[in-house]
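Asker: Those sequence lines, one after another, are chains A and B. Numbered by this note's numbering, the letters in the first sequence go through residues 75 to 759 in order. Numbered by this note's numbering, the letters in the second sequence go through residues 133 to 245 in order.
Where hints are given, some of them may not hold.
As the list claims (entries may be wrong) - Below 30 angstroms or equal to it, Euclidean Cα-Cα: the simulated DSS-like pairs (lysine-lysine) are:
hint, chain 1, residue 1, chain 2, residue 2
1, A, Lys527, A, Lys543
2, B, Lys201, A, Lys208
3, A, Lys589, A, Lys527
4, B, Lys201, B, Lys188
5, B, Lys180, B, Lys205
6, B, Lys191, A, Lys207
7, A, Lys587, A, Lys646
8, A, Lys543, A, Lys591
9, A, Lys527, B, Lys180
10, B, Lys191, B, Lys201
11, A, Lys207, B, Lys201
12, A, Lys208, B, Lys188
13, B, Lys191, B, Lys180
14, A, Lys312, A, Lys207
15, A, Lys156, A, Lys208
Stated by the list, open to error - From chain A, some residues computed to sit far from chain B (all C-beta separations above 10 angstroms):
hint, residue
16, Ala129
17, Trp551
18, Arg676
19, Arg748
Claimed, not checked - If we take Cβ atoms under 8 angstroms as the criterion, some of the chain B residues that face chain A in the derived model are:
hint, residue
20, Ala146
21, Arg148
22, Pro152
23, Arg210
24, Ala215
Think of the hints as simulated: they come from the structure by calculation, not from any bench. Using N, Cα and C, we set each Cβ at its ideal position, and we do this for glycine too.
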Amino acid sequence: MSDGLVKILDGSTFVVSDSRGDIEASPTDTTGLFAADTRFLSTWVLTINGERMNALSVDDLQYFETRFFLVPGTGTVYIDAKLSLIRRRAVGRGFHEELTILNHQNEPVELAVRLEAASDFADLFEVKDALAKKGRYSTAVEDGRLVLSYERATYRRSTAISATEQALIDENGLGFEITVPGHGSWSTGVDVAIERLLPGQAARSTESFENAQRRMRRDLDRWLDAAPQLQSDSEALKATYRRSLVDLAALRFSPPIAGGHSLPAAGLPWFMAMFGRDSILTSLQALPFAPELAATTLRALGDWQGVGLDDFRDEDPGRILHEMRYGELTAFEERPHSPYYGSADATPLYVVLLDEYERWTGDRAIVRELEQEARAALDWIDEYADLQGNGYVSYRRRNEDTGLENQCWKDSWDSISFRDGRLPGFPRATCELQGYAYDAKLRGARLARICWKDEELAARLEREAADLKRRFNRDFWVEDGQYFALALDPHGAQVDALTSNNGHLLWSGIVDKSKAKAVARHLLGPRLFSGWGVRTLAEGEGRYNPIGYHVGTVWPFDNSFIAWGLRRYGFKVEAATVAAGILEAAEFFDGRLPEAFGGYERGETRYPVQYPTACSPQAWSTGTPLLLLRTMLGLEPEGEHLIVDPALPSTIGHLELLDIPGRWGRIDAFGRGRVDVDRRRSRRR
Amino acid sequence: MSSGPFSAFIDELARRGYDPMLANAVGTARLEVTDGGPRERWLVSIDKGAITVSRKNTKARTTVRADRKTFDKAATGRLNMMAAALRGEIVIAGDPRFLVQLQRLFPRPSDAP
Numbered sequence: 075m076s077d078g079l080v081k082i083l084d085g086s087t088f089v090v091s092d093s094r095g096d097i098e099a100s101p102t103d104t105t106g107l108f109a110a111d112t113r114f115l116s117t118w119v120l121t122i123n124g125e126r127m128n129a130l131s132v133d134d135l136q137y138f139e140t141r142f143f144l145v146p147g148t149g150t151v152y153i154d155a156k157l158s159l160i161r162r163r164a165v166g167r168g169f170h171e172e173l174t175i176l177n178h179q180n181e182p183v184e185l186a187v188r189l190e191a192a193s194d195f196a197d198l199f200e201v202k203d204a205l206a207k208k209g210r211y212s213t214a215v216e217d218g219r220l221v222l223s224y225e226r227a228t229y230r231r232s233t234a235i236s237a238t239e240q241a242l243i244d245e246n247g248l249g250f251e252i253t254v255p256g257h258g259s260w261s262t263g264v265d266v267a268i269e270r271l272l273p274g275q276a277a278r279s280t281e282s283f284e285n286a287q288r289r290m291r292r293d294l295d296r297w298l299d300a301a302p303q304l305q306s307d308s309e310a311l312k313a314t315y316r317r318s319l320v321d322l323a324a325l326r327f328s329p330p331i332a333g334g335h336s337l338p339a340a341g342l343p344w345f346m347a348m349f350g351r352d353s354i355l356t357s358l359q360a361l362p363f364a365p366e367l368a369a370t371t372l373r374a375l376g377d378w379q380g381v382g383l384d385d386f387r388d389e390d391p392g393r394i395l396h397e398m399r400y401g402e403l404t405a406f407e408e409r410p411h412s413p414y415y416g417s418a419d420a421t422p423l424y425v426v427l428l429d430e431y432e433r434w435t436g437d438r439a440i441v442r443e444l445e446q447e448a449r450a451a452l453d454w455i456d457e458y459a460d461l462q463g464n465g466y467v468s469y470r471r472r473n474e475d476t477g478l479e480n481q482c483w484k485d486s487w488d489s490i491s492f493r494d495g496r497l498p499g500f501p502r503a504t505c506e507l508q509g510y511a512y513d514a515k516l517r518g519a520r521l522a523r524i525c526w527k528d529e530e531l532a533a534r535l536e537r538e539a540a541d542l543k544r545r546f547n548r549d550f551w552v553e554d555g556q557y558f559a560l561a562l563d564p565h566g567a568q569v570d571a572l573t574s575n576n577g578h579l580l581w582s583g584i585v586d587k588s589k590a591k592a593v594a595r596h597l598l599g600p601r602l603f604s605g606w607g608v609r610t611l612a613e614g615e616g617r618y619n620p621i622g623y624h625v626g627t628v629w630p631f632d633n634s635f636i637a638w639g640l641r642r643y644g645f646k647v648e649a650a651t652v653a654a655g656i657l658e659a660a661e662f663f664d665g666r667l668p669e670a671f672g673g674y675e676r677g678e679t680r681y682p683v684q685y686p687t688a689c690s691p692q693a694w695s696t697g698t699p700l701l702l703l704r705t706m707l708g709l710e711p712e713g714e715h716l717i718v719d720p721a722l723p724s725t726i727g728h729l730e731l732l733d734i735p736g737r738w739g740r741i742d743a744f745g746r747g748r749v750d751v752d753r754r755r756s757r758r759r
Numbered sequence: 133m134s135s136g137p138f139s140a141f142i143d144e145l146a147r148r149g150y151d152p153m154l155a156n157a158v159g160t161a162r163l164e165v166t167d168g169g170p171r172e173r174w175l176v177s178i179d180k181g182a183i184t185v186s187r188k189n190t191k192a193r194t195t196v197r198a199d200r201k202t203f204d205k206a207a208t209g210r211l212n213m214m215a216a217a218l219r220g221e222i223v224i225a226g227d228p229r230f231l232v233q234l235q236r237l238f239p240r241p242s243d244a245p
């Protein structure tokens, strides 16, 4: 792994350790055993005769198991190993370790093996913001287990550690006094079990660890088998595709208290949680490959759809949640994530996903099942999101303390700015929200007509969409720049910075045909396009910074939707150019695209510079190669058929995507790279 | 029989009959008041939006236990059930997923008196 940390996970449980398998968490870092947004183990250090281990190699068997090969001593120059260790770890409800010590000498050896253990029971938010705890810690040795606990009023979480071999257990860990025969070995199993994870959840899993591992291995094989097979002249593309499928499998998340099936979580390590926007966009990206993710996302988000007004949680009737958390701060309502609803795009995107899912799968039963939810989402757009009564979706948090200021995907504090760098007041009506609302209305109209048999609703939605498009193209168009403004401020003035949001507008279809060419020219122009991809904010704008989170970096997921938008308006060459840049960048990250990378000019750095604290793997970055494949192959459902209209970069050569699932059964798509992206790139200057 | 916000809420729930927001929900929950003499139990059944309330002492998919003060808060939109469950102020037994459906029946802060 690029950061030297080893991460393994299952559902919402994950372990992050160093390359020796040790955990020594400081209050602000993310090593540890985490579940439901809580750190259940913050110290886990192995020593032999008082010596720390030295890592020889790490074998990432699967995303849920790892093997560390170790020798005692921390020498870095020369290691004369008379002993070696294999530390095999697998995640389940907590984790399990198999520790094997090999003696390479003729003589038996006496060893003191020790595992130090402690837990700070930190909420992930505390780790992120370095907050202090309010409860009480305790440790106990009982029934041959070390039990670490934390209590605050009725809130209680604990971790129980036990071993299969005879151990000396004290309040700081487990010790083993052993003799390993000459050329012999010794081993023990160690269990770190999470207890009282959530109310109602069984304290201890009844499934054996071996069974759990077999189940997870089978599950991953099934997942890979069910996905379309990719053949290509490009070895890099094949590797990226496989990496994406495996990472997407890892990021599948069965939310506690929210349904049995799995949906994409947002990303490791901060965002192993249910996010409205991230889960929806990732499900959209993955539709041609794993359509079942969309079904689960729609149902789980539907279950949690807002029903009333709650200012602390920014909840409205019909609103789709932004983020759900399970940690201590959420439990004590010091954070609003139970769940928090402060997102202005998840609700229209919910309708977009429902329609796109039906177009691919033909599953009308789910459209009927979720009719109330979809209608409530459509009503939210007009009744609760039009904060100014001007016919545009805008946002302003009601929770002034811990709510989100920016409720669009660019959610950092300075992401929405004028050309000169000034920040607008609230409410803010960002442009892509209008695009999503437009698309949701048209797609809602289609569903109303074919599934709900409500012609009146369909006609009304179409009227409203047409009116929105007309007004939008008048009010957001920056005449002297020939692009769409990032937002309207509370006075209706254009927030006139040039941004990647223009690409999302193409995707939504809200852009007048007559304006599309100018928009495409900007997206591929020198101010936005870095050579790797489209920057979030154009070079030359007041707040532009090539390593600013939403003000200059290149976001792979953003680019996948931009490419889709370019295709929608017929800009095949431009779409292939964006796709080629992002897929080439992926090669520098072993096929695993980060959340964001620097917006530096491609010729300047020669390789994409990873944004410092980016999450990895992150769901919508993982979904990016999938959506780019769809875009390059020009896959589009049309009635009961799948249209294939490839426009591939010449760098890819031959490409086959076999067994694409959908309402047509399974279909193969073929393409050959004919778009000379190098020529397109050089024309840019 | 007790009076107070929770009792009034139970009465209102029994009169509500149908809630379109629960059109996909099927399940039963037992609400148990843990203090104040003999245990007060309510069985709330949801069948595709149709709500019935009874005192039947049968097995439920999910059981929610809390003291009367807590149920009174929930009945007046002053308790978020998810947060309360996470901090152990209400105790969930059985299938915790049904809590998602159940919490939709309760009022929100804007409905608080």
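Asker: Which hints from the list above does the structure break, by number from lowest to highest?
Answerer: 3, 6, 12, 14, 15, 20, 21, 23
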